[in-house]
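Top line first, the protein sequences correspond to chains A and B.
For the first sequence, my numbering begins at 1 and goes up steadily by one.
For the second sequence, my numbering begins at 350 and goes up steadily by one.
There could be a bad hint or two in this list.
As the list claims (entries may be wrong) - From chain B, some residues computed to sit far from chain A (all C-beta separations above 12 angstroms):
1. Ser-510
2. Asp-542
3. Arg-670
Claimed, not checked - Between beta-carbon pairs, the in silico distance windows are:
4. B/Thr-709 x A/Phe-161: 49 to 59 angstroms
5. B/Arg-734 x A/Leu-66: 35 to 45 angstroms
6. B/Thr-509 x A/Leu-66: 52 to 62 angstroms
If you're looking for bench data, these hints aren't it; they were derived computationally from the structure.
Quick reminder that beta carbons are idealized off the backbone N, C-alpha and C, glycines included.
The residues making up each chain are set out below.
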Amino acid sequence: MNAIFDWISSFFASASANIKLVDKALAGLEGSYVELLTVLALGLLAIVPVIVPKKRRQFYRRLNQLFGIMIFIFVVYTCLGVFGLVRNFYHGLTEIGKENIIALYYCSVPATILVTSMIFGPFFCGWICPTGAIQEFVGMITAPWTRRRKLAGWPASKGVFASAVGVAAIFLLWMAYLSVTRIFFVEDATIYWSLVLVVLLLILAWKMRDWDDRLRRLRIFSFFVVAIGAVLSFRITSPVHFGFSKVYDPASVLSTVMVVFAALVIPNVWCRYLCPWREAIAWAARGSARSLATNRESCTHCGSCTAVCSVDAVKDGHINAHECHMCLKCVDTCPTNAIEMVEKWKAEK
Amino acid sequence: MEGRKVAACFLLLLLVLPGLASAEELSLWPAERGFVDNSGTLVLGRELAETPLPEWHFSRRSDRRYRPGQAVWACPALAVVNGRPMAFVGGFDSTMHALDLMSKEEAWSKITNGPINSGAAIGEIGGRQVVYWGSTDRSVYSFFALEGSRLWTREIIEPTSSLGDVELSAPVLLGGVLYICCFAYDKAIARSDQKAELIALEAATGRELWRLRVGDGPLSTPVILEIGGRDVAIIAARKGLVQAFDLSTKPPHRMWDYQMPQEVLGYPAVDTTATPPSLFLGSKFGSMISLDAATGKERWKKMTGDWLDNSPAVGSVKGRRAVFGGSNDYCVYAWAADSGELLWRQPIGGEVFSIPTLFTLDGKPSVLVSSLDDHTYVLDADDGRVVTSFFTGELLWDLKTKGENVWGSAAVFQGRANTVAVFGSYNGTIFVIPLTGECSLTAKVRSSAGLWIGLAVAFVLFVFVILPVVLLLPGRKGGVEPE
Numbered sequence: 001m002n003a004i005f006d007w008i009s010s011f012f013a014s015a016s017a018n019i020k021l022v023d024k025a026l027a028g029l030e031g032s033y034v035e036l037l038t039v040l041a042l043g044l045l046a047i048v049p050v051i052v053p054k055k056r057r058q059f060y061r062r063l064n065q066l067f068g069i070m071i072f073i074f075v076v077y078t079c080l081g082v083f084g085l086v087r088n089f090y091h092g093l094t095e096i097g098k099e100n101i102i103a104l105y106y107c108s109v110p111a112t113i114l115v116t117s118m119i120f121g122p123f124f125c126g127w128i129c130p131t132g133a134i135q136e137f138v139g140m141i142t143a144p145w146t147r148r149r150k151l152a153g154w155p156a157s158k159g160v161f162a163s164a165v166g167v168a169a170i171f172l173l174w175m176a177y178l179s180v181t182r183i184f185f186v187e188d189a190t191i192y193w194s195l196v197l198v199v200l201l202l203i204l205a206w207k208m209r210d211w212d213d214r215l216r217r218l219r220i221f222s223f224f225v226v227a228i229g230a231v232l233s234f235r236i237t238s239p240v241h242f243g244f245s246k247v248y249d250p251a252s253v254l255s256t257v258m259v260v261f262a263a264l265v266i267p268n269v270w271c272r273y274l275c276p277w278r279e280a281i282a283w284a285a286r287g288s289a290r291s292l293a294t295n296r297e298s299c300t301h302c303g304s305c306t307a308v309c310s311v312d313a314v315k316d317g318h319i320n321a322h323e324c325h326m327c328l329k330c331v332d333t334c335p336t337n338a339i340e341m342v343e344k345w346k347a348e349k
Numbered sequence: 350m351e352g353r354k355v356a357a358c359f360l361l362l363l364l365v366l367p368g369l370a371s372a373e374e375l376s377l378w379p380a381e382r383g384f385v386d387n388s389g390t391l392v393l394g395r396e397l398a399e400t401p402l403p404e405w406h407f408s409r410r411s412d413r414r415y416r417p418g419q420a421v422w423a424c425p426a427l428a429v430v431n432g433r434p435m436a437f438v439g440g441f442d443s444t445m446h447a448l449d450l451m452s453k454e455e456a457w458s459k460i461t462n463g464p465i466n467s468g469a470a471i472g473e474i475g476g477r478q479v480v481y482w483g484s485t486d487r488s489v490y491s492f493f494a495l496e497g498s499r500l501w502t503r504e505i506i507e508p509t510s511s512l513g514d515v516e517l518s519a520p521v522l523l524g525g526v527l528y529i530c531c532f533a534y535d536k537a538i539a540r541s542d543q544k545a546e547l548i549a550l551e552a553a554t555g556r557e558l559w560r561l562r563v564g565d566g567p568l569s570t571p572v573i574l575e576i577g578g579r580d581v582a583i584i585a586a587r588k589g590l591v592q593a594f595d596l597s598t599k600p601p602h603r604m605w606d607y608q609m610p611q612e613v614l615g616y617p618a619v620d621t622t623a624t625p626p627s628l629f630l631g632s633k634f635g636s637m638i639s640l641d642a643a644t645g646k647e648r649w650k651k652m653t654g655d656w657l658d659n660s661p662a663v664g665s666v667k668g669r670r671a672v673f674g675g676s677n678d679y680c681v682y683a684w685a686a687d688s689g690e691l692l693w694r695q696p697i698g699g700e701v702f703s704i705p706t707l708f709t710l711d712g713k714p715s716v717l718v719s720s721l722d723d724h725t726y727v728l729d730a731d732d733g734r735v736v737t738s739f740f741t742g743e744l745l746w747d748l749k750t751k752g753e754n755v756w757g758s759a760a761v762f763q764g765r766a767n768t769v770a771v772f773g774s775y776n777g778t779i780f781v782i783p784l785t786g787e788c789s790l791t792a793k794v795r796s797s798a799g800l801w802i803g804l805a806v807a808f809v810l811f812v813f814v815i816l817p818v819v820l821l822l823p824g825r826k827g828g829v830e831p832e
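Isolated chain B, as found in the complex (with noise of 0.2 angstroms):
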């Protein structure tokens, strides 16, 4: 009897811990920048934490030619997909990608019928982690991460011959469904029907379980969290209205509304470690301001040189919860989550477009940065001193223009030996970036000493060398006019 019950327990063993260990394996990225505090990084398991990834610059020739106004990348989701780490990164051609880090391969890819602005959501169907996007051919995509095969696609607007762009946002999961925000205007002056939504879909079939008009303007990326034992949507409209959704009643019914001073350029961020939760949003004239979750009450208002162009993102700074946010005034700020006190302020080459993406390299809490200089930064999160900049490339259009394009920020697989930026950059090429150890992208940045060495060299150069040929070539006649 004993020896059968040791074989049941034997046999339940094998059979459930396969599942337990998937289960481990198995790395979801519900919204766009992972989590609801956009940090954008995701923690390699301890295995994949001392496998070094390999740098990589990924480009393909495509036949689509940006436009400014797209996402030349959007925002990559990260995943660790049969124990190797994957990103998957959608853009201006168009298409999905699905980039295996280890081997340096592009595992797959999907071509839709529209640029593809936002970044997408990983999920999880029957033990097989499946990608979800949103294109602006009016359609949601899943598919399988592995392999690439479809689960579903759906079309969520109907076309008529007078619709004009659709606006999709990046889809949200939650509890088994997808949350997605889609503008689409028809241009039909008669019609005048400008829709802005918030659509549910179950993710395992995609089948439309209620849809929501929440304005009339193109809408942030939903932020989706559990407020008092309630799913509760918040959403930012371009225009500046925020407002949250109760998605335990049918129809959720809003619980409050928040008007920004002026427009909003990028979704909130929340701290969950506050009660309740705080949001923070940022808006294109340059004030952060952060929320109640709860009730959208104001905490606290700041305001930075120019636009924030993009969203925040909550870490913490020697212990103490903080929001870090980039502005167009070149400058990264970290301000105190509780209070809104100014913690740091960091000048930087050039505008700052990007969403903070906040890790730990070598022990130490750090922020990447991406700026209009061409360059992406790592500081430390503590002081926002530089660590390190990479050169990540000139923009694929002429001009930079504030507020009319949609930028892509990095993620980070965060390991021990191997932490790596993931980054589609404006020049056309999604870049990964080891952090750790060489990477042929390090900035070619000018020591202290360095600086003075080159000033002496060229003084040197100058007196001994440029100046003696200047003096002692034959002299020029000038040009004299006539007589």
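For reference, chain A alone in the conformation it holds in the complex (with noise of 0.2 angstroms):
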């Protein structure tokens, strides 16, 4: 086992060791080491939703994905994954006034996702998120498995709960092969994640049919204990951090796979249930130009919609905006055309 785990080891530590396409970010003032390609990239993968045309656009959503998360391990120094960004950002935010270019440095990333949330609504998501898209094609080899399960309000199963605890044993035999070959320190707080989302597969496995809306609140929790953190300065990395830092983290690396094992499981589960980002996002999308409406004229209640929604956003043509990622699965699929995108600007003219 121990040889497994070894070799899992030096395989994440030499494929990080080089991975970034430029040594240096490119400065966008000089000197200042404003990542300009980083706000580039993030700029164009965020347009593309907007200009895309209808006709095979998951096609090209999942070609935005793809190209997220090969710009975020590739090209990306700034953002360190979804705890990152909200360390940043309250790091940025303390520098406005006294390091203006290094306030703009920590920002960039995390306004610009915000900025586009508030005008696109919740367009990262679902078409850029490399940890979002990570579960999604991920999700695709249980997909048939998971869609019977929504279809039929997520009973309680034995095998799911089995899943459960086979994802239970990798994560705490990899801790204990951790805890003997590492040193931990408070960084590494992501494994704490990690046991949160282990727990939660067992309960849901459970309780997912009466418990799925409420436990979406621990989004909240997540994102408070990540900025109390960043407050107090603890540098809490997150699943596929080490895929954006170029640094092998042995914490992060676990709770990624975590995170892959467990999507398994329950699609888009860290969405769901324990992404910070994602409330943030939600709520900054609250007033977005852009969003989601049925009419119900035309709704036929066939529940396509409902069967390809992977967060459960949409139920019988009912959207529930706080947690829809704008992935438009559920526009494109609908047969009789009643999900359409409402674009404010043009509503009131």
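Hints are included, so try docking the two chains, each in its own frame, into the full complex.
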């Protein structure tokens, strides 16, 4: 077992060693090290959902997600994952007025995401976010199984329970390996999120039907814990962080693996229950100019929108805007075009 | 008659003994890392070895702003001056700070006209210790270590209106001569003058003895050692050309040269116990190469997983001579000095940027390295096991970039009850870290048991506090879109 974990560790260590395309972030202003390339790349990714043709939209969305993963892994330096975004943003805000260039550097990515969410809705989650994209791609493997369970109303299931126990076993074995081979620091606190994810899976196997909505409030807890950590200057790394930071971070690797396995059992499980950034984006997008609306007269209650939504934001044509990722799968699947994207600025004319 | 002889002997003893005593107390640090093995450690005398040195975080607000590419702090030079352990550290604030580690006071400081990117050397003139350093303001400085009064300063490059940045290496002392490498370039296209020179100055007066042109690019700190009765200077150019010069001839003639496979970012370490001495040098893309210091013939070559950003150091592993190096692949390596056999490889939390410092801690040979994960680690030199680590702060600037910064490394005062590391961190603070006993910087590393206890606490907290709160709070309407 140790040999397997050793191999995985050395693989991630060597893979993350020299992964960035440029050794120094592209300087936007001389000597400032502002990540112009990152802001430009994210801006480009944010524009795609707006300009992409309706025909084959899901194909372009997946392409955009793939580019998102590539850009975050090979280009981005600023972003340290979903937790790092909160921390960087806070740090950037504290630098305003003191070191404005540094403030711009730290705020650029989170501000870009929040502002695009405020205007266009939570497209970042559905079209760009690499953590969400990885879960979505992984979830395709078990999609027939999870879709059946979803349509049945997420019943208690021995199969899910067994899968959750399997994920828990991997977590415990990996932790046992790490506890004797690595030094753990406060910033490795992402292992606690992994633990919570494992416990959540066990609970969801039993009570997802009843508790799904209420458990989503955990995102608020997650956000406040990370925000308090940021204020107290704790550098808590997050899943997928190791891919962005060019540093092999065993705790982050472990939490990423946990997210991947958990997403096989419950689609987009991280986004649903634990992602702090998802909660921030949902709040930012409340008054966005773009949103989804259902024409009740056209709706035939066929359930196709319910079946395709990976975060259960649509149920029988009713859209929960707070949970919606704006992936537009429901819009593209609806046989009667009852769900459509509403542009408020056009509607007000 | 007998009585006179006894009295004369007694008087002679009275005259000689204080001299002997002071000679014992005069600790010297003739090169940037102390000695040619790059160990970076000064062993304290018997009296001081038992006196605990306090933890100290030294920082001064400076008008000078750090620019990437400079050293935040260069390697500290250590000496016992007038019975007090002192560290001499220069850095981006263009100032040489003389720190009294016993009283936690700055004994003196001298501002130069440019950042100090290299460490100081400490020699002795007329029974008094003298600190020598080079600054990017084109000058070499020498000041008495105790009170900070000037012995001499020497401008070694004539200024021109189009002169670019000047790079001065750390000075090296041998036989009353101060050797220093210098690279200066003239930005005027018409001149296109790029000069790299080895300069010899008289240590007592600063008088220039000679200068030798050795290339046209930046040079490393010279390594000066005796090989077969001759003083030899070995210099690595940034472009990778390693050259050895016989200093006993006038002008010094080139004994050998060796082209490294890639650029070189450090300077060589030497194992003087080998005959002839072995020289070790790392290259930018990760090759560690051993050369015969007398002939320049390659002895062995090993690869690491990434850049070697700094110099190696030579010590021992289980009684066997070993060369230690830190790589950007997050690992510290120990190779057998004679064969290059890998003795151990220890991954730590980030890129290793410092020169390994070798010392003895509680009777065990130890290695101290600093990493870009903002921690400084103490490893067991025998097997590479991590003994402890210290959080030494975050970068002053935004991004960690490879190959573009001048990294400082720690130096260690080795005593019995009071072994301390002096480390100029890239967060702008000079830390004096007690390696024995309590230290506030000790990283909050979780032991294996602590890790499981932490997980158990998190489990209980989540299941019995957070989960019930989340489930019992009144429901949210959920923002369902209007019909």
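- Query: Using the C-beta atoms of B/Arg-734 and A/Leu-66, is the stated range 35 to 45 angstroms upheld?
  - Reply: For B/Arg-734 and A/Leu-66 the Cβ distance comes to about 42 angstroms; the hint holds.
- Is the nearest Cβ of chain A still more than 12 angstroms from the Cβ of B/Asp-542? For B/Asp-542, whose nearest Cβ neighbour in chain A is about 26 angstroms away, the distance exceeds 12 angstroms, so it holds.
- When you look at the beta carbon of B/Ser-510, is every beta carbon of chain A farther off than 12 angstroms? Nearest chain A Cβ is 23 angstroms from B/Ser-510, so the label holds.
- chain A versus B/Arg-670 - minimum CB to CB distance exceeding 12 angstroms, so not interface: 28 angstroms, holds
- Cβ-Cβ distance between B/Thr-709 and A/Phe-161: within 49 to 59 angstroms? 56 angstroms, holds
- Range hint compliance [Cβ, B/Thr-509 to A/Leu-66, 52 to 62 angstroms]: 55 angstroms, holds
Comparing the model with each earlier hint shows no violations; every hint is respected.
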